[in-house]
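Chains as they are written, first to last, in the numbering used here: chain A, 523 to 753; chain B, 523 to 753.
What the hints contain is simulated information worked out from the structure, not anything from laboratory work.
Treat the hints with caution; some may be incorrect.
When chains are identical, the list treats them as one kind, so a pair holds in a single copy or across two.
[Unchecked claim] The calculated lysine-lysine pairs, modelled on DSSO-like cross-linking and capped at a C-alpha distance of 30 Å, are:
hint : residue 1 : residue 2
1    : Lys-554   : Lys-601
2    : Lys-734   : Lys-546
3    : Lys-546   : Lys-688
4    : Lys-554   : Lys-570
Number of protein chains: 2
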Amino acid sequence: MKIKLLLISNSIAYGKGYLDHCEKDILVTLGKINTILFIPYALQDHTKYAETARERFAKMGIKLTSIHTAKNPKDAVKKADSIFVGGGNTFRLLSELQKRGLLPLIKKRVLSGTPYLAASAGVNVACPTIKTTNDMPIVEPKSFQALDLVPFQINAHYFDPDPKSKHMGETRQQRIKEFHEENTTPVVGLREGTWLLVDNNNVTLKGEGSAKLFQKGKEPREIKTGETLDL
Amino acid sequence: MKIKLLLISNSIAYGKGYLDHCEKDILVTLGKINTILFIPYALQDHTKYAETARERFAKMGIKLTSIHTAKNPKDAVKKADSIFVGGGNTFRLLSELQKRGLLPLIKKRVLSGTPYLAASAGVNVACPTIKTTNDMPIVEPKSFQALDLVPFQINAHYFDPDPKSKHMGETRQQRIKEFHEENTTPVVGLREGTWLLVDNNNVTLKGEGSAKLFQKGKEPREIKTGETLDL
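Use the sequences and the hints to build the structure in full.
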């Protein structure tokens, strides 16, 4: 079994263009594959979103087709050489995948070697559940269960508490602590500008900056770029 | 039918003590009532939370008992003179209320005149659904349906986008816009330091600062303190 995942915290790094910061690892993950199936369900406007993604992948020499234009979305997944799940709202994305019965099909393909690339909401959906998303629950999915492609949760767009803030809402770190009051799965706080490259059982942090690993009952610890996660 | 609600964005205003900023309106809402039932389910440590709340209400001359110490929580709701739902995680709170079958009972009491006071997560649960919470979905509730005590959604701890921010995650305003891509209910962005006082059909903004009203297909507009909401 050969699993290839590229799990990107955010598709646009500050001051850069769409997917610019992680282009190299997109190409590494795809290898000789030059077609990709795009899943735009996390945003409302599928056509516009797919056009943005299509143009960006075309610059890398990759032909992108969007699942929303497929006559049969299930067939599109079955035939895909690789899959890219775009960011947006995680609840909407999961709900749309559930409605179309696509979760088991995507999982089966990825577990048999089809590369899975994802940013933000698409990263949340790669986890066991969507319980560590930052998104507003604007849509009620059938369940919080997701693709379960990795044995940990990811908190995308992770950021540290601002000691100067006067805001009284929970910090991201407090929210993850609350997650561990109710759950035991480790959580990777994936800061913007970073991503995880999963090659079989090797999970490596890439990009600029570090990530923060939260484990129930332990002090959180920093993971440096280039480091392999030992969970 | 006489409905009395006090819906507080945040229980601790920056630089102030627990419930200090809204003490006067707590007393106005309770009138001659001097006992209150506390619902601590949004936090994990019910005992500690109830103790904090008990001490604070004692200072106002109100005797607080916490539902987690009741032999029969349903009976406790049926007998309550007033109810205070504390803040914390909205998903956990809703889930605990659902498990104990308390939602219809609380709703019935409030619609028949029992004052309902709430902060943060407790405010979200007063809305038709919890679809405008900021909280992390650490627990999966049976459904997102909530008490439906008001004909609008509230986004507690609302704050405006920071034009200097380098963070690429969605702003609060973008999240509420996404809510309106999928739903039609108006949303009141309730900034910290403010609250809504509901007296029958009169909904008045109170506290320091303003709120922001979001309606599908319209430009958001500011609501000033003292203003009555016209929805």
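Comparing the hints with the structure gives:
1. Lys-554 to Lys-601: Within one copy only: 16 Å inside, 70 Å across.
2. Lys-734 to Lys-546: within (23 Å within a copy, 43 Å between copies)
3. Lys-546 to Lys-688: between (39 Å within a copy, 23 Å between copies)
4. Lys-554 to Lys-570: within (27 Å within a copy, 58 Å between copies)
Every hint from the earlier list agrees with this structure, and none is contradicted.
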